[in-house]
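Student: If you're matching them up, the sequences are chains D and G in order. For the first sequence, this note's numbering gives the first residue as 984, with consecutive numbering after it. For the second sequence, this note's numbering gives the first residue as 297, with consecutive numbering after it.
Simulated from the structure, these hints should not be mistaken for lab results. Since no wrong hints were added, every one of them can be taken at face value.
Label-pair distances were calculated between CB atoms; the ranges are:
{"no.": "1", "chain 1": "G", "residue 1": "G389", "chain 2": "D", "residue 2": "G1110", "range": "28 to 34 Å"}
{"no.": "2", "chain 1": "D", "residue 1": "R994", "chain 2": "G", "residue 2": "A508", "range": "47 to 53 Å"}
{"no.": "3", "chain 1": "D", "residue 1": "G1100", "chain 2": "G", "residue 2": "V416", "range": "50 to 56 Å"}
{"no.": "4", "chain 1": "G", "residue 1": "R531", "chain 2": "D", "residue 2": "D1093", "range": "35 to 41 Å"}
Short derived list, chain G residues pointing at chain D, Cβ under 8 Å:
{"no.": "5", "residue": "A299"}
{"no.": "6", "residue": "A300"}
{"no.": "7", "residue": "S303"}
{"no.": "8", "residue": "K307"}
{"no.": "9", "residue": "T310"}
{"no.": "10", "residue": "R312"}
{"no.": "11", "residue": "G376"}
{"no.": "12", "residue": "R379"}
{"no.": "13", "residue": "L382"}
{"no.": "14", "residue": "S383"}
{"no.": "15", "residue": "W384"}
{"no.": "16", "residue": "I385"}
{"no.": "17", "residue": "P386"}
{"no.": "18", "residue": "S387"}
{"no.": "19", "residue": "D533"}
Even glycine gets a Cβ: it sits at the ideal position worked out from N, Cα and C.
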Amino acid sequence: MAITLQELTKRYGRTRAVDGLDLEVRPGRVTGFLGPNGAGKSTTMRMVLGLDRPTSGRALVNGRPYAEYRWPLREVGAVLEAKAAHPGRTGRNHLLAMARSNAIPARRVDEVLETAGLGDAARKRFGTYSLGMGQRLGLAGALLGDPPVLILDEPVNGLDPDGVRWIRRLLRDLAAEGRTVFVSSHLLTEMQLTASHLVVIGKGRLLADAPMDELLDGHGSLEDAYYELTESAA
Amino acid sequence: MRAAIGSEWTKLWTTRTIWWALLAAFVLMAAAAGQNALYVTNGDIDASSAGDVAVLSVAIAQLAFVALAMLVMTGEYSAGTIRATLSWIPSRGRLLSAKIVVVAGVTLVAGVVAGLLGGVIAAGILDDSSDIAVSAVKIGIYLVLLGALATGLGAALRGPVVTLVVLLMAIVVIPPLLQIPDISVLNGIADAFPGVAGNHFLAGDSDPYPPAGGLLILMGWTLLAVLAGWRTMKRRDA
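Generate the whole structure from the sequences, applying the supplied hints.
Tutor: What follows is the structure, encoded as structure tokens:
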């Protein structure tokens, strides 16, 4: 069950950003979330996290709305945008405040800083971080509560090749541990290497929800498969 | 709730905003108290005790407290951290309450200290040291309510600039403009403003209403601002 969307819809005025999405994102595999700009990926993720209110329908995490969890960071780890910390606060203090909000012990902060490979940068102010360092801090935060579900919006944005490789391995390891990993990206070749299952949306509607092999079947690459899907929808 | 307060407490003390705000509060209080005490010795303004001078000086020093309180909320929107914060603490009511508790705690302590500072400086100039402690406690209470009002309004309006403008209009700009012509209707309207009501409470006036009346009016405004902030947070997307 992990992440369940039921007829999830978000309208802004007359435009439907997300249009009746029905979806199950299952544990134990990396599920890629693809779609053109403005397809509704980020809006969907924000609704799962209780940040945006659906116009109709529901988004559930392990059977319950995110906002109903007493300690949500222990259920779901999320990276929504790379610039999610106050520029004047150090990375470590950001994570300490985050840990306190969900009664997570402070020693866990140093563990995830280690995992994310932030090192000395943890004691520098967030405003001085590069995009890639911001992503690493975001991932450290997502891992803080050791959550069974991870939701990541464009996590490889701004990472250097080492960082891209690191995150690819991390996501696959997390899925292999039985966690649900739901990750959006524009980088199709990267997705082809990381995900084993794909969800494709266009104009807020579900275009595909299938294993990677099945989507690739009869196509030279994920890119070809993707264009065929999104163009037929347009 | 304790976890949310702890998190907000950590956040408050881990950026420089708090230090600038406290420095500004104490400097403004000291300068205003010194100046007002000199006016009193010259007979330019009518105040009888060191505590009264401290109360007069709050008119200036309160701006630093108001700025700090509204930044605790609006800073989340201007820095773009509100989504992260709400993903840690999804309950809007709990987050707003935690912020108000943290602001109130800091404002109470810093407000009383500023009140004492103003009183002590005035006492040094006036040769009078009465009412200092009582005034300092009242100043602390006044600033706590004003701080909660600013936090709630920040949640309702989100932008730091618009929030500060509305607060300045309501507290510093509009009431004196209403009072200048000295027409009873306009004076009556001015007396209903939060800053003026707070001043009647601080000064211990019996006219146009008793000090407790001023306190109640201010509490009413604070409650209204907090409810407006809570409603906005609940209804609007983050």
